[in-house]
Amino acid sequence: GENVEQHPSTLSVQEGDSAVIKCTYSDSASNYFPWYKQELGKGPQLIIDIRSNVGEKKDQRIAVTLNKTAKHFSLHITETQPEDSAVYFCAASLEGGSYIPTFGRGTSLIVHP
Amino acid sequence: DSGVTQTPKHLITATGQRVTLRCSPRSGDLSVYWYQQSLDQGLQFLIQYYNGEERAKGNILERFSAQQFPDLHSELNLSSLELGDSALYFCASSPNEGNEQYFGPGTRLTVT
Chain A
1 GENVEQHPST LSVQEGDSAV IKCTYSDSAS NYFPWYKQEL GKGPQLIIDI
51 RSNVGEKKDQ RIAVTLNKTA KHFSLHITET QPEDSAVYFC AASLEGGSYI
101 PTFGRGTSLI VHP
Chain B
114 DSGVTQTPKH LITATGQRVT LRCSPRSGDL SVYWYQQSLD QGLQFLIQYY
164 NGEERAKGNI LERFSAQQFP DLHSELNLSS LELGDSALYF CASSPNEGNE
214 QYFGPGTRLT VT
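Chains as they are written, first to last, in the working numbering: chain A, 1 to 113; chain B, 114 to 225.
The set of hints was computed from the structure by calculation and includes no laboratory data. Treat the hints loosely; a few may be bogus.
Said to hold, decoys possible - Heads up, simulated DSS-like pairs for lysine-lysine below, C-alpha to C-alpha not over 27 angstroms straight-line:
(1) A:K42 with B:K122
(2) A:K71 with B:K170
(3) A:K57 with A:K68
(4) B:K170 with A:K37
Let the sequences and hints guide you as you build the complete structure.
Pasting the structure below:
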């Protein structure tokens, strides 16, 4: 089955700095890679996703890059703000496939004002 | 608001008891997933249903069971509860299989 590794487990930055979270996956058949943000006491919220037919996707201050050859993808947050503090999860799945979407173990991002 | 609803929000019960958690997916979504999240733990996949049929099982204990009804809402049944079952239980729905999941607010279960 699919295996997703996520690093780092904790990331502490100053407000205004950039933050990068990296994930690797094992199954080359995976073609859909979402990122979720979970704030304290809430359910994970989809913030951005990328499919295997593109290498990069941006949405304002967040971007995701995908390297299919190396089987890794990353979340980039620029100009971080205190409200970005949360736990971020990456995941890998096969759209239309019957195998379970696999989540990374999460990164706790702390943005210091 | 993701459009996924879960009830109840909080549940406190004693060891040995049985509880039922309920999830209503987003309108039009056919897949429902159940996850367990313990303190400082990631999302542990329990079980998935697609259009009423069980599609995948994860690390779900035999004491736990689930079903998806014709109206696509789902219930997770937890029986013979133990202290270690205390956790957040999330339901997520997706339009089909393997694509974006929308999570509910969760049910916090406390077993005393």
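A quick look at each hint next to the structure:
1. A:K42 with B:K122: 11 angstroms, holds
2. A:K71 with B:K170: 25 angstroms, holds
3. A:K57 with A:K68: 14 angstroms, holds
4. B:K170 with A:K37: Measuring from Cα to Cα gives roughly 24 angstroms; hence the hint holds.
When held up to the earlier numbered hints, the structure conflicts with none and fits them all.
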